[in-house]
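Engineer: For reference, the chains in residue letters:
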Amino acid sequence: MTDTRHPLTWWIWSIALAIAIARGDNPWLAIAVVGCAYLVVRTFRSDAPWSRSFESGLKLGLWILIIRTSFGVLIGTPIPGTTIFRLPIIPLPEWMAGIRIGGAVTQERLFSTAHEGVILASIIILFSAASSLTSPHRLLRVLPFAIYQFGLALVIATSLVPQFVRSISRIKDAQYLRGQKLSFKKVLIPLLEESLARSLDLAAAMDSRGYGSTRVRSRYRSISWNPGDSLIVAAGALPLISPSLILLSVVTPFLLIKRRVVVPIS
Amino acid sequence: MITFDAVSLIYPNSTKTVLENLSLTIDEGEFVLVIGPTGSGKSSLLRLINGLVPHHTGGILAGNISVDGISTQLVKPGGLAHLIGIVGQNPVNGFVTDTVEEELAFGMESLNIAPDVMRKRVEEILDLMSLAPLRDRSLATLSGGEQQRVAIGSALVMHPKVLVLDEPTSALDPIAAEEVLSILHRLVHDLGLTVIVAEHRLERVIQFADRIVHIDGLGNARVGTPAQIMSDSDIAPPIVHLARALGLEDVGLTVRDMRRMSEQIRGGSYSHSIEKLVISNETVIEISDLSLSFESQSVLNDINIKICAGEVIALMGRNGAGKSSLLKTIVGLHKATSGTVSVLGNNPLTISGSKRRETIGFIPQEPSDLLYGQSVIMECQQADVDNEIEEGTTFELLSELVPGISPQTHPRDLSEGQRLALALSVVLSAKPKVLILDEPTRGLDYQAKSHLISTLLHYARVLGRTVILATHDVELVAELATRVIFLADGDCVADGKTLDVLLSSPAFAPQVAKVMSPQPWLTVKDVINALQVNQ
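Chains as they are written, first to last, in the working numbering: chain A, 1 to 266; chain B, 1 to 535.
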């Protein structure tokens, strides 16, 4: 497996970066960090199903940015400045004074909402970077027994999500071949039934293999903390000292790239 | 080893008892086969053994079940993990980790077994199940047979005394199935493991069984040796039907026994009047130079096939040989990388709506993908409306296929065979020119299978439509197909009349052909016909 980092490493790294972005409050820097994080994900992820979660995180982040910005422009207190365009004002009852829907859209207002949106989206994208770099199953092993039920739910959810995506496309295909126009309901009903059946199957399998029947679990492969992990975590912590070091912390993981030995297939 | 003492089981919100007053004892080192129609409670019986029923599913259980002296009423399934290994119908659904090695270790980690013991046992199992070359592979990339072996391995690694398997070969091609079953056989004989298997395809397992539990679906169960049960069971492999049809005194359960018993019949010389099938030369599907690849991995190479009206084509080959990909390209889900597919002159990628329904009918591997109605009747009405046919036509069609389905039933509550019939009648109500089925017999019992066969034969022979099916089920192919196309690694390696293709490969030959070799007979009907003609 290419995945040799400790399961907590990338999570610590990305949480530290997220904190730095939130503190730094600079959208351009946030975009640069997300860009570098994308390169890190491209370099270090395996071909496992969860490694695609970065792309979903990216989509989610963009949606949040779009929705937040449009709401921010439509609703809220006016900020004076250069007017770009005007929207009709929708009259509201008197007790809602201070809130306005529509009105002048100023450059300043657009920028400030977009700014907040970018920061929020970047944080979400950074989390998805961590989840696409970490096997949820390995993560589960380092979590304490106290959250066993949570762990069970986590494994079921993480192994179901890729299944979910595959099932959706399978069901959509089948409905299309039946000559049906696609609708939410036609996909949702078979999907829910199947997912429910699958998660029951998985829970039954885990149960009958003794999961959670003893308080202590032994480890087949001990999950060890390597110098590489320390390097990444230290790099992630750099911007907490000084925000200007943030780009250094996104670039550091690349030091760990090993030259791949290509074994010719005979 | 396992004792069922007056066990009755009823599920909540159900008026039907699954089991009624069942008592049986399974000794150590026995290979027990559980048979019965779909929905008769075979899975429930298996899951009772480690307490998944009722601990996990709910239900009222009367009587007592004990395994190695431990009553399942007092212990949860997790508490029996060291004693009983259970492998579900679909092993992929039960995988918890990412790689083969981790999956094998998972159960031992849960039981807090020391790391050095684990290492040793994992190595043992890797050798025993011939999984050593796959140890670091991601589970998602394994073939069906390999996945099944990992699932069995991860149960065995706990050193259980009992191994329970629910339809272990239903998704496997004949060779992979043979491999899995011979491993089980070896475990029983070498380690004295007690094995309990539920399976529909008796032709694959019956020769390994020491005893059979036959459940009839009404709560009754019969237990006996294979010879006892097979002497009058309605569920029987082709070989037993052959023995009955030939009027032999004993039923032979293996090809070897039957060959000994049928030496005289087989030895005679027969004039082979091969029944000429009238197939029009109207080309329905034309595939030329078709290649398909996903992300630079080639799946199909240079396929050239011409299919005429009235043909029943069986697409065979190993798991992962490209059968489903070819079907999906024909129906228009995959875009060919190069080459063309035309169905009645149309490009399947571009047709939609009612024209699609009337041209190609497709039954996917999971027939329930097509269904979204809240009841059988709603599903049928929807099909009537879609196809602008008289109300009730679809339901009538369904009642012909499988009589006695209540119109108010939810599709989910139907048995596997009934659900397939519902999907089939919805698709057939549009009277498509081409009908395509992907693995239609998975999980079907013999009765449902013979319904399916007669429906498809009628459709092809009487109405002159084309049927294409991808399947691992050689017996189905022998009964149904006029032509077999054999795929291996994306290449078309054989394409010819069913008789020629099936007889040329021993692994893919149906049971009757193995017994009657060198006579060119594939089914019991073939044998009887030949004998009558030459009397």
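Where hints are given, some of them may not hold.
[Stated by the list, open to error] Calculated pairs, DSBU-like style, for lysine-lysine (alpha carbon to alpha carbon, straight line, at most 30 Å): (1) A:Lys185 with B:Lys431; (2) B:Lys306 with A:Lys172; (3) B:Lys328 with B:Lys306; (4) A:Lys181 with B:Lys328; (5) A:Lys185 with B:Lys335; (6) B:Lys433 with B:Lys335; (7) A:Lys181 with B:Lys76; (8) B:Lys120 with A:Lys185; (9) B:Lys525 with A:Lys181; (10) B:Lys306 with B:Lys433; (11) B:Lys431 with B:Lys306; (12) B:Lys306 with B:Lys335; (13) B:Lys433 with A:Lys172; (14) B:Lys355 with B:Lys433; (15) B:Lys335 with A:Lys172; (16) A:Lys172 with A:Lys59; (17) B:Lys328 with A:Lys59; (18) A:Lys185 with B:Lys433; (19) B:Lys355 with A:Lys185; (20) A:Lys172 with B:Lys497; (21) A:Lys59 with A:Lys181; (22) A:Lys172 with B:Lys76; (23) A:Lys181 with B:Lys120; (24) A:Lys172 with B:Lys355; (25) B:Lys497 with B:Lys335; (26) B:Lys328 with B:Lys431; (27) B:Lys120 with B:Lys76; (28) B:Lys497 with B:Lys433; (29) A:Lys181 with B:Lys497; (30) A:Lys59 with B:Lys335; (31) B:Lys433 with B:Lys525.
[Claimed, not checked] Simulated coverage check for chain B against chain A, where a stretch passes if three residues somewhere in it have a Cβ under 8 Å from a Cβ of chain A: (32) 80-90; (33) 421-433.
For the record, the hints were derived by calculation from the structure and aren't laboratory data. Glycine included, each C-beta is placed from N, C-alpha and C at the ideal position.
Engineer: Can you name, in rising order, the numbers of the hints this structure does not satisfy?
Structural biologist: Checked against the structure, the hints that fail are numbers 7, 8, 9, 20, 22, 23 and 29, while the rest are satisfied.
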